[in-house]
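Mind docking chain B on chain X? Use the hints.
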Amino acid sequence: MSDKSFSIMGGYNTKNTVEKVAAVIFIICAFFAVLAVFSISLYMIISGTPAIFEVGLVDILFSTTWAPTAADPSYGILYVILTSIIGTSMAILIGVPIGVMTAVFLAETAPKRLAGIVKPAVELLAGIPSVVYGLLGILILNPIIYKLEMTIFKNDPAHQFTGGSNLISAVLVLAVMILPTVINISESALKAVPKHYKQASLALGATHIQTIFKVLIPAAKSGIVTAIVLGVGRAIGEAMAISLVAGNGANVPLPFNSVRFLTTAVVSEMSYAADTHKRVLFTIGLVLFSFIMIINLVLNKIMKGGKKNADS
Amino acid sequence: MRIKKLAALLLVSLLTVSVLSACGKKSEDNSNTNTSSGSESSSDLKGTITMAGSTSMEKLANVVAEAFMAKYPGVTISPEFIGSSAGIEAVLAGTVNIGNASRNLKDTEKSSGAVENIVAIDGIAVILDKANTVTNITKDQLVQIYTGAINNWSAVGGADQPIVVVGREAGSGTRGAFEELLGIEDKCKYSNEINSTGGVMAKVTSTPGAIGYVSLDIVDDTVIASNVDGVQPTEENIKAGTYLLSRPFVMATKGEISTQSKEVQALFDYLKSDEGKELIKSIGLITVD
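Chains X and B supply the protein sequences, listed in that same order.
Residue 1 is where the first sequence starts when you use our numbering, and the numbers rise one by one after that.
Residue 313 is where the second sequence starts when you use our numbering, and the numbers rise one by one after that.
Hints are computed from structural coordinates only; laboratory data are not their basis.
Every residue gets a Cβ at the ideal spot worked out from N, C-alpha and C, and that includes glycine.
Be careful, since some hints might not be right.
Straight-line distance between alpha carbons at most 30 Å, and here's what the computed DSSO-like set of lysine-lysine pairs gives [to be verified]:
1. Lys383/B <-> Lys358/B
2. Lys574/B <-> Lys147/X
3. Lys278/X <-> Lys422/B
4. Lys154/X <-> Lys442/B
5. Lys451/B <-> Lys154/X
6. Lys154/X <-> Lys501/B
7. Lys574/B <-> Lys418/B
8. Lys198/X <-> Lys119/X
9. Lys499/B <-> Lys154/X
10. Lys501/B <-> Lys147/X
11. Lys278/X <-> Lys418/B
12. Lys147/X <-> Lys442/B
13. Lys278/X <-> Lys501/B
Partial selection, computed: residues in chain B whose CB lies under 8 Å from chain X [what the hints assert, rightly or not]:
14. Ala398
15. Ala471
16. Pro474
17. Gly485
18. Gly488
19. Thr517
20. Asp586
The shape of chain X in the complex, shown without the other chains (with noise of 0.2 Å):
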């Protein structure tokens, strides 16, 4: 080969065709998640569809007996799915505070060793499997609370005894799962308040603690709610943790029952269902769907909300 190769001219054509194929590849590439969305919405209304003519949308939604395998098949989800909103609601309101004010220390007033120790011990929280969850659950969380529902309905013929598995167990593992989320978001909400914000609340007078509660948190507002919906996404779709500690029983969801979530629904009976069993399985996993793109869809708001506010 000559050095006449190198010149622009003569490279022009093979280049333009390298640029070309690449962009092409690009293209193929982003669709694939295009793709794979588009199916998985297409799939799950048509696999979760003709349940609700089979049974009855009302039936399935708002029926609370769950009896899929009887002579007279009930197939009533609105325990379950009041099991996941009050679940979800509940694990919240005990992870969102702990994270919030953990995101406060690490971002405010965590000593540089000790943030040293706290954030990658954050960042490995996130990184544990489900699942491993759920065994500590049942090693280690269900023995106590056990212990604390037969002191509490030790006289009460009427309570069934779950051994633990409850609401409770759920909710609190929920609570540790959503941690690392809240934390990471609202951490680096808190870092993106200017400056000047936190030198001028000091400068006015006002003590650490209160320039973090009255102009930090305020001003990172939008950053910290996105960290409670993406919080919200994650407990509400998490399925293994919650059906090793749950109990599973199709329950009113108060906080010694045995409760099952839309996600337990579909993963425990999913392997031995049969006929309208599992098409009903496939509609309560589009009800979870549908949550899920609400929650989606609020967060979008949210966050277009937030970049409208940081313009202005």
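Frame of chain X, contents of chain B only:
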């Protein structure tokens, strides 16, 4: 520049080659199985048998597959464990040769063409945690415990301790068999619905006052297998028909066995032979005569 160009070309060609080779391999495999299943020689069987179904039959399927493949080296058996109903669905769809079910077939399944070949009988054991002092439970007591009428062990002659009712999820073969045998279909009030046999064992082992049910052959010394109506859950008692809680293990085929491939017929012949019966007995199941 030239290196980048070369790298890009190489990448593209590599992709093309790998895609092409994958296609080639697939078609080759297909032609292999086609020719082998079409071969007429019965003494020298060659081919694959696919089976899928009940997780309760995992032990049986694996042991049978191993022994059969040792006897007929040309045959490959690949068992999968996806649940009774899913297994029957798979055999009806034609994706597997044999569908394992740890229950009698439903009428809808039979009318779709599934044939019920009972190969063994399994006992269901009622298990209690090690610390429990109760050793015998009557049928009525079991019914009352599982429907929630009794919630303390003192009512059945045990310590003053709450009962934690553990069971399997709706649709499970074991649960279906258990509830049917007791006549309490869908009247059960479980506090724990667990979707695997091992999970039930673990829960009962670790929870004081728990009661659960599992296949007899997986009971070990981490739990107590309670007597039912004064009868010990043993092979002899199940065979004699005195033990209440037992169920069939079905290897369903689409159409009669005689219409199946040579390999599948050989497998069923093997299960009916003395050697096969010994094997079934060796894993704690009861043979059918």
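Checklist entry - For which of the previously enumerated hints does the structure constitute a violation, in increasing order of number? => result Numbers 2, 15, 19 and 20, in rising order.
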